[in-house]
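2 protein chains.
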Amino acid sequence: MSHPLLDKHRATLDGALNAIATRAYWSAYNEMPSPKTYGETAAEDGKKAFEAHLGKQFDLGQPGATGWAGGEQSPYGIDLNVQYPVCNYETLIAAGQQAMGGWQKVGADGRTGICLEILARLNQQSFELAHAVMMTTGQGWMMAFQAGSPHAQDRGLEAVAYAYREQSFVPAETTWDKPQGKNPPLVMKKHFEIVGHGVGVVVGCGTFPTWNTYPGLFAALSTGNAVIVKPHSNAILPAAITVRTIRAVLAENGIDPNLVTLCVADRAATQKLVTHKAVKSIDFTGGNVFGQWLIDNCRQARVYAELAGVNNIVIDSTDAYKPMLRNLAFTLSLYSGQMCTTSQAIFVPAGGIDTEDGHKSYDDVCADLARAVSGFLSKPEVALAVLGAMQSADTIKRIDMADSGTLGKVVLASTKLDNPEFPKAAVRTPVLLACDAADEHAYMEERFGPISFIVKVADTAAAIALSERIVSTHGALTAGIYSTKPEVIGAMTAATMRAKVALSINLTSGVFVNQSAAYSDYHGTGGNPAANASYADAAFVANRFVVVQRRYHI
Amino acid sequence: MSHPLLDKHRATLDGALNAIATRAYWSAYNEMPSPKTYGETAAEDGKKAFEAHLGKQFDLGQPGATGWAGGEQSPYGIDLNVQYPVCNYETLIAAGQQAMGGWQKVGADGRTGICLEILARLNQQSFELAHAVMMTTGQGWMMAFQAGSPHAQDRGLEAVAYAYREQSFVPAETTWDKPQGKNPPLVMKKHFEIVGHGVGVVVGCGTFPTWNTYPGLFAALSTGNAVIVKPHSNAILPAAITVRTIRAVLAENGIDPNLVTLCVADRAATQKLVTHKAVKSIDFTGGNVFGQWLIDNCRQARVYAELAGVNNIVIDSTDAYKPMLRNLAFTLSLYSGQMCTTSQAIFVPAGGIDTEDGHKSYDDVCADLARAVSGFLSKPEVALAVLGAMQSADTIKRIDMADSGTLGKVVLASTKLDNPEFPKAAVRTPVLLACDAADEHAYMEERFGPISFIVKVADTAAAIALSERIVSTHGALTAGIYSTKPEVIGAMTAATMRAKVALSINLTSGVFVNQSAAYSDYHGTGGNPAANASYADAAFVANRFVVVQRRYHI
Chain E
0 MSHPLLDKHR ATLDGALNAI ATRAYWSAYN EMPSPKTYGE TAAEDGKKAF
50 EAHLGKQFDL GQPGATGWAG GEQSPYGIDL NVQYPVCNYE TLIAAGQQAM
100 GGWQKVGADG RTGICLEILA RLNQQSFELA HAVMMTTGQG WMMAFQAGSP
150 HAQDRGLEAV AYAYREQSFV PAETTWDKPQ GKNPPLVMKK HFEIVGHGVG
200 VVVGCGTFPT WNTYPGLFAA LSTGNAVIVK PHSNAILPAA ITVRTIRAVL
250 AENGIDPNLV TLCVADRAAT QKLVTHKAVK SIDFTGGNVF GQWLIDNCRQ
300 ARVYAELAGV NNIVIDSTDA YKPMLRNLAF TLSLYSGQMC TTSQAIFVPA
350 GGIDTEDGHK SYDDVCADLA RAVSGFLSKP EVALAVLGAM QSADTIKRID
400 MADSGTLGKV VLASTKLDNP EFPKAAVRTP VLLACDAADE HAYMEERFGP
450 ISFIVKVADT AAAIALSERI VSTHGALTAG IYSTKPEVIG AMTAATMRAK
500 VALSINLTSG VFVNQSAAYS DYHGTGGNPA ANASYADAAF VANRFVVVQR
550 RYHI
Chain S
0 MSHPLLDKHR ATLDGALNAI ATRAYWSAYN EMPSPKTYGE TAAEDGKKAF
50 EAHLGKQFDL GQPGATGWAG GEQSPYGIDL NVQYPVCNYE TLIAAGQQAM
100 GGWQKVGADG RTGICLEILA RLNQQSFELA HAVMMTTGQG WMMAFQAGSP
150 HAQDRGLEAV AYAYREQSFV PAETTWDKPQ GKNPPLVMKK HFEIVGHGVG
200 VVVGCGTFPT WNTYPGLFAA LSTGNAVIVK PHSNAILPAA ITVRTIRAVL
250 AENGIDPNLV TLCVADRAAT QKLVTHKAVK SIDFTGGNVF GQWLIDNCRQ
300 ARVYAELAGV NNIVIDSTDA YKPMLRNLAF TLSLYSGQMC TTSQAIFVPA
350 GGIDTEDGHK SYDDVCADLA RAVSGFLSKP EVALAVLGAM QSADTIKRID
400 MADSGTLGKV VLASTKLDNP EFPKAAVRTP VLLACDAADE HAYMEERFGP
450 ISFIVKVADT AAAIALSERI VSTHGALTAG IYSTKPEVIG AMTAATMRAK
500 VALSINLTSG VFVNQSAAYS DYHGTGGNPA ANASYADAAF VANRFVVVQR
550 RYHI
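Heads up: the sequence lines are chains E and S, in that order. Mapping of the first sequence onto numbering that gives the first Met the number 0: residues 0 to 553, in sequence order. Mapping of the second sequence onto numbering that gives the first Met the number 0: residues 0 to 553, in sequence order.
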């Protein structure tokens, strides 16, 4: 039982299936905002489409509407004033459950085809979505385009591909023919039906409202579940645009659009939503407090949570000192360190490090990294494009605290930059602190934002041991090592296997520790406290559906 | 990187992989205790091997031994008097963790090959294990042989096959080559390592100490984890024999045997074991009280739980009345209803049912089913072979209560049979009760043992609705329907898809609703309260390991 939309997008699906099997480079959606790919007028049209939302009510035609809410504050200081429908959560749940029957009947092929069509349509909206992401999160334009649109779509497609692969293993039917010696065999016909667990809730975050939402959204949806998207209160628009498109594609294909809805809700309403007995999966990206609350209280659901961590890098030695510093400077600066993958702790031996440029003391490394960051950000157009704007006032407060020197010696102070295009934007450069390994209170909790510590450790072995302990106890999405010595790289590799974190080794060129590429890099391992799931692997999809069989003699 | 034992058992693995893909009939291990398969002296040798354990200390060479414990009481009344090592649980955990490194290094191929060798060796011990299962659980001989040995081994192999398939999707390495327009591509080498989550604990049950233990044991083991087997206090011997064989095969292959250990522990020690932070998965079969305790308290682990349920059958109509009654009689009698899959509630319309033999009133059905059961058990040799013995005093108490008529009208009273071979065995025939649908307190909780209710419902539609509600709220592993009407079968099918339970339709010949065949029938769906996991599907294995990657420029 194929489906016209599966046939239409077969090449895309095959590409994704091949990519998750090989984990080689592949992408379905062009990460460059190229007119050749997206159309000559795409940039202009997308900007207009975004602007058309501003100051308006964003209608979705959802049931249970009780009023309107909004209030997103743009980190770039522009007025958004979009109002979104507030809908009774129980009505949304009931409507989603009601829609699941038709979604089940269309089968894995139909669900996959429709999800692929949704992704293709979202891809056509890449500019509109990029503006929405940029203006709600404070990401720079290029990052908002790439991470917010094609990369997010790739992560969504990756989840669809995993889900398709797992669902494909379940045969629709079989004939079971058991020999009985000299007697006639026992013969049964058996049918196997894939059924979604129930309603999935995807709780979005304020910094990556599409990239961190699409994996769970498409994993739950393509495996037969209804999905309620609960966006972060300050990044609703990208989710609303996404949900509207999904609902349109569902309706075009004879599926009740209430299968997917947007739930704009405060904390109290969200808590009622996620603890409802019909909610069977929750995807969450955000802080430890609410994440742990979800895990503790939503016992009726499987919770896929990406939480806080302390990403770290061990510097032992290098034969490319300046490229290393440049690479680190970019990592620490990108989106002002407001990525869940940004390195927070950089471990440097007290005795310094060997480089191709001679020995560098711990203080040299501190000074040189500070210089690398400030040098990289010295051109305003580069700085503004890379840094973006501060997503939240809390992050600015954390920067100010770091700047005050209470957490460690300030090696590089944060500075405030003016953005001529967006005069109200809060733009801050990274702050670098020096501290001792003993100052665990300073660097051993997540300090979200452009705040990093260059931690003085006794030696490389101590640094590796410290890294392992941090990952095991506090979690991390990324770890790095710089070393020219195979035995050191081997020791760090072994430590990351025990602590279960992805390792980047000697990054000195155009790949950065905070980047993870769909289909190739696992985002999170699911094995340390920073995340109990990974984008994406079989575990991310396999438990979102069950198989209901029936059998009879023939 | 293959492994000699994978090569040796490749045909077995391929057979299992094909079977889980097609879910057609297949088995790796002969369910008939045939001398041709098992050897001319296997029956005799196995019995002697079993008897050699009696009255002895069962040494396993495990670390942390503090003493000996035992005390299993055979339902057949024979003296067992086997003593098992009691080991400090923290020592076992630490030893398991220590052994995991070598187990990781041997890779998925090596782990799979070694698990296949273990299963082959357990298969050679089928008679010994069957006697141990029979004498600790009260199963009849043939059932103890089949369910305890080849069927359990098949379920273990099924888990190994699922685990192998999922692990096989993870490439060991890739070259990631990303075009950069006119610039040279970004090229990285990436390595992907499969790492077990940690220590797995498998908590066995008293009725199926191998069949319900092997799936979790082999799923956790083959995905790279250490495993601690915590057997039911009255069914230790089958687990001890299994663990000894596993440890021997591990040691023969250069793996630290402390990877797998037996933990004989009381409830308090078990609670400390399963809540230890190093324990990352728990497989449990048993009652709701301890099962729910595990789910509530073992937050550091993934809990795969098979709990209580209320299995049920809807009788609407039939064109094979006597075969239907015979089929039901066998189901209700097998192992005295002490199976987690035995039907407890049989729903019959108040207005009776149409059959090829004319209309049968509700009372007719009650009387005829009672007659079918007593007729089937009228030959002592059949009755003793099918019924086995009562596994626990609690079950006998439940039978006595049912017999007293407090739960419903006694349609067929339980009788006590003498077993000349085992004079001390407690043998009881099933009790059948008649009650009204309104008497929910009677039939709507699991009454483990040979206690079934023929529940009078308004009509078939009400019966189907009641079945759906029971499955959704109390859980069930099995459901059945008898009907000659496609629309009724369709309605029941739809209800079981919503409630997520496997459905057997019109079973009138040699397959019974309480049987599930490895590779073909999913045991539990994982979607209703009776079990949050299934034997076996991808979800049963995919979350037992993580992938730790490393990457570097080339």
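In short, the hints are calculated from the structure, not lab data. Any given hint might turn out to be false.
Because identical chains share one entry, a pair is satisfied inside a single copy or across any pair of copies.
As the list claims (entries may be wrong) - Distance condition first, Cα-Cα at most 20 angstroms in a straight line; then the derived DMTMM-like pairs of lysine to aspartate or glutamate:
1. K104 to E439
2. K104 to E486
3. K276 to D295
4. K188 to E486
5. K359 to D399
6. K271 to D367
7. K47 to D318
8. K55 to D438
9. K181 to D108
10. K181 to E30
11. K47 to E486
12. K188 to D399
13. K415 to E380
14. K177 to E30
15. K408 to D353
16. K177 to D13
Small disclaimer: the values here were computed from a predicted structure and weren't measured.
Hints, verified against the model:
no.: 1; hint: K104 to E439; result: neither (55 angstroms within a copy, 33 angstroms between copies)
no.: 2; hint: K104 to E486; result: between (55 angstroms within a copy, 17 angstroms between copies)
no.: 3; hint: K276 to D295; result: both (15 angstroms within a copy, 16 angstroms between copies)
no.: 4; hint: K188 to E486; result: between (58 angstroms within a copy, 18 angstroms between copies)
no.: 5; hint: K359 to D399; result: neither (30 angstroms within a copy, 83 angstroms between copies)
no.: 6; hint: K271 to D367; result: neither (51 angstroms within a copy, 51 angstroms between copies)
no.: 7; hint: K47 to D318; result: neither (49 angstroms within a copy, 68 angstroms between copies)
no.: 8; hint: K55 to D438; result: neither (50 angstroms within a copy, 57 angstroms between copies)
no.: 9; hint: K181 to D108; result: neither (42 angstroms within a copy, 39 angstroms between copies)
no.: 10; hint: K181 to E30; result: between (65 angstroms within a copy, 15 angstroms between copies)
no.: 11; hint: K47 to E486; result: neither (56 angstroms within a copy, 54 angstroms between copies)
no.: 12; hint: K188 to D399; result: neither (69 angstroms within a copy, 40 angstroms between copies)
no.: 13; hint: K415 to E380; result: within (14 angstroms within a copy, 91 angstroms between copies)
no.: 14; hint: K177 to E30; result: between (54 angstroms within a copy, 12 angstroms between copies)
no.: 15; hint: K408 to D353; result: neither (24 angstroms within a copy, 87 angstroms between copies)
no.: 16; hint: K177 to D13; result: between (36 angstroms within a copy, 19 angstroms between copies)
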